[in-house]
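One-letter residues, chain by chain:
6 protein chains.
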Amino acid sequence: MNSHPPNYEHLDDQMIKMEVNLDNIPGEWLGYVMDLLFEAGANDVFYTPIYMKKNRPGILLQLLCSVDSLNKMKEILFKETTTLGVRYYPLTVHRLERVFKKAETEWGTVTVKEGILNGQVVQHAPEYEECKSLARLHDIPLKKVYEQVWKAIDNKA
Amino acid sequence: MNSHPPNYEHLDDQMIKMEVNLDNIPGEWLGYVMDLLFEAGANDVFYTPIYMKKNRPGILLQLLCSVDSLNKMKEILFKETTTLGVRYYPLTVHRLERVFKKAETEWGTVTVKEGILNGQVVQHAPEYEECKSLARLHDIPLKKVYEQVWKAIDNKA
Amino acid sequence: MNSHPPNYEHLDDQMIKMEVNLDNIPGEWLGYVMDLLFEAGANDVFYTPIYMKKNRPGILLQLLCSVDSLNKMKEILFKETTTLGVRYYPLTVHRLERVFKKAETEWGTVTVKEGILNGQVVQHAPEYEECKSLARLHDIPLKKVYEQVWKAIDNKA
Amino acid sequence: MNSHPPNYEHLDDQMIKMEVNLDNIPGEWLGYVMDLLFEAGANDVFYTPIYMKKNRPGILLQLLCSVDSLNKMKEILFKETTTLGVRYYPLTVHRLERVFKKAETEWGTVTVKEGILNGQVVQHAPEYEECKSLARLHDIPLKKVYEQVWKAIDNKA
Amino acid sequence: MNSHPPNYEHLDDQMIKMEVNLDNIPGEWLGYVMDLLFEAGANDVFYTPIYMKKNRPGILLQLLCSVDSLNKMKEILFKETTTLGVRYYPLTVHRLERVFKKAETEWGTVTVKEGILNGQVVQHAPEYEECKSLARLHDIPLKKVYEQVWKAIDNKA
Amino acid sequence: MNSHPPNYEHLDDQMIKMEVNLDNIPGEWLGYVMDLLFEAGANDVFYTPIYMKKNRPGILLQLLCSVDSLNKMKEILFKETTTLGVRYYPLTVHRLERVFKKAETEWGTVTVKEGILNGQVVQHAPEYEECKSLARLHDIPLKKVYEQVWKAIDNKA
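Protein chains in written order, with this note's numbering: chain R, 14 to 170; chain Y, 14 to 170; chain D, 14 to 170; chain Z, 14 to 170; chain V, 14 to 170; chain U, 14 to 170.
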């Protein structure tokens, strides 16, 4: 069985958004919590600054996960943060078809994730980690790597 | 058929909230995307700063639209932003009855939108664009125009 | 009948999230609105900065309340803010069992709220107001009070 | 000797901005720290959400104080927060002349602070605490009190 | 005499940063104030959400201007916002040399601003308004215009 | 010669704050830029969400560095971001004396950085990376490691 979402365009109505308000946890811990949630299979995790009662700057933690992962996410949130409650609601996700292509730069090859809507390519997303590795290895600005990737993408269009 | 919401007080349960997380798009493009979404009929569009993985400052785009506009909004989001997925869920909107009145200032007339809850006027919203035009035309501070409008509103109460 | 949530671990599916976008209200009033909503029984109220049309910095007011409080919350929002519409959707809250313990410091006793997941204590939250009172009374840093409370908690583990 | 700034229009070049980055302190404590800094004479204290290393949501505490208060502010910051360093730099403040007037509403009198630039009244700021007290006492929306104050101000113009 | 900064690389030590904290102004007005400040010659104007006393969500207005514009900026701030004081301090700006080139796309020509550091081109900034006009005119996604501009830039390198 | 700041309490008046406004760079790149700036010796780097002209959500990059590092920082900012100008101003930093202690937990030893003001210990900061390693290695919540460290610190007081 494959826990990854399929690569063709589809509507996924088995997704959950979870939310937690946090006003008594150091920011230091939250970087770590984000890593744990991703490792446990969250589709996305992100923080928003919020204004809470008694002049407290707080953090709204939001995460997206499949219904199957709900309990695993709850357990991490309760054990690793300071919250006494988590809230959640279902939502629908429309995902584009994804195809992986290769683009050549003078420093090496980079994977480009294409997003396809009704059979038309609408997105080209160069893989960040690969671009970063080339920038590090050849000691060049990251943006130069992206510029060459974008040029290579266009040449194939 | 009229696609605008009615002006009497009502509950609208045909509304959708859409959300997209963006970490690979320049801020410059997002000002333009907001305009396009409003022109295509979004009821509201707004951005929130979010903290995403790998130390990336990102943007959460949120929009409100009717169920009828769902596909049009999706198409703009996929074509104009860099996202590979959009998420959404239904919600209910309670809207006040709206009545349009006129208020006189020494520089001209301004429309005031009244909001009515159970027959009682609870809001007075001067039309921003009209106030701005008067301020521009007469080279006076915008707040002076609002002050006169508020005074005129009170006189009618 | 008890309007407070029970202290044992449970899922509550009678909760509502309400949201209002605000771009024509002074920040000054919003501190007051938060107080009124809490007094009227909101479970939580918080603000997020948002970017709205026409370069307006706005505020997203969010609140959590039970289905029973829905109308009371709406009335406050319509009367005290400048909005012409409020939106809302149902959600589920998973709440930990809560047990109240006492911790001794050299300046006095502090209540600690324990959060219990499947019978295991996963949270220890010292009561902020009590810690603050001790800090004020004895003219010591608030963090020193918390440090002693944490030490006392550990001793009981 | 009077530690308050004078009420006539002036430039004050004895002001300091202090800044502290915080990523290991609970938001709960920060509401308290703000109170202490104001009580000790800070002219203003405010928080900004910041993105720090290792995916940490942090807080930038900023405060304005006179050169005379520098050491008192430092001591509070070091004792009540978790920082190991504070930074600061001088700045100049241009303050308007301030005159206090009275405005009558049907629920009572409210003080209005006028701001005067080169002899011309450019600001009218009703005293928030007085408006709030009237709203509480008479159980009316805060915005209604402000509306009547604004009307009274206009009548005197 | 030319009030614009020169186009060659230089250090400018005649710049001022001004700051105003705002908690009693509607967001609606702030979009207008930004326009006025730019029109009056501000080099940049931007807003940051801040947490102010008494649970008020506020806005920190920051602007950059030359020493020569200081009084004009102050006057706008005092007349158009609700502040009773503005603060400022000097700073130094290191500006790159700027050269304007042309890039061809299938929909027309776009100006590209190059930034030059010690004689080396380090930035290529396509003019947003021109890209937007082409996108509007030809009813194509804005990002497609940028993609073609980037490709054209690379071809010249 | 040692480029690190000394460990005793001191005022450092050779520090610089640099600032860059960014509205045409993807958030993805900014995580990488932060790493590069820290590696090149920045004392701190952090991002703030800002509202820029034309409805653009932007980022304010701020960094602290010594006067000696000024040119190195500029070069990274110009090569890796999309800015055409950087601004900066001097500031003073008051740093506490720093002493490194050891704290024992049941899973191993953790370094604790003490901050000392006028000879008095006012801060105890457990080293995050060490706590995280123990949490990872023993598969326990990070907060449990901190709780044991705090207890050990108290025992030495």
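None of these hints come from the bench; they were simulated from the model.
All values reported here derive from a predicted model rather than from experimental measurement.
Among the hints, erroneous ones may be present.
The list treats identical chains as one, so a pair stands whether inside a single copy or across any two.
Calculated pairs, DSS-like style, for lysine-lysine (alpha carbon to alpha carbon, straight line, at most 30 Å) [said to hold, decoys possible]:
1. Lys30 with Lys164
2. Lys67 with Lys145
3. Lys92 with Lys30
4. Lys115 with Lys30
5. Lys85 with Lys114
Against the structure, the hints:
no.: 1; hint: Lys30 with Lys164; in the structure: neither (37 Å within a copy, 36 Å between copies)
no.: 2; hint: Lys67 with Lys145; in the structure: between (43 Å within a copy, 12 Å between copies)
no.: 3; hint: Lys92 with Lys30; in the structure: both (19 Å within a copy, 25 Å between copies)
no.: 4; hint: Lys115 with Lys30; in the structure: neither (33 Å within a copy, 36 Å between copies)
no.: 5; hint: Lys85 with Lys114; in the structure: between (34 Å within a copy, 28 Å between copies)
Comparing the model with each numbered hint stated earlier shows that hints 1 and 4 do not hold.
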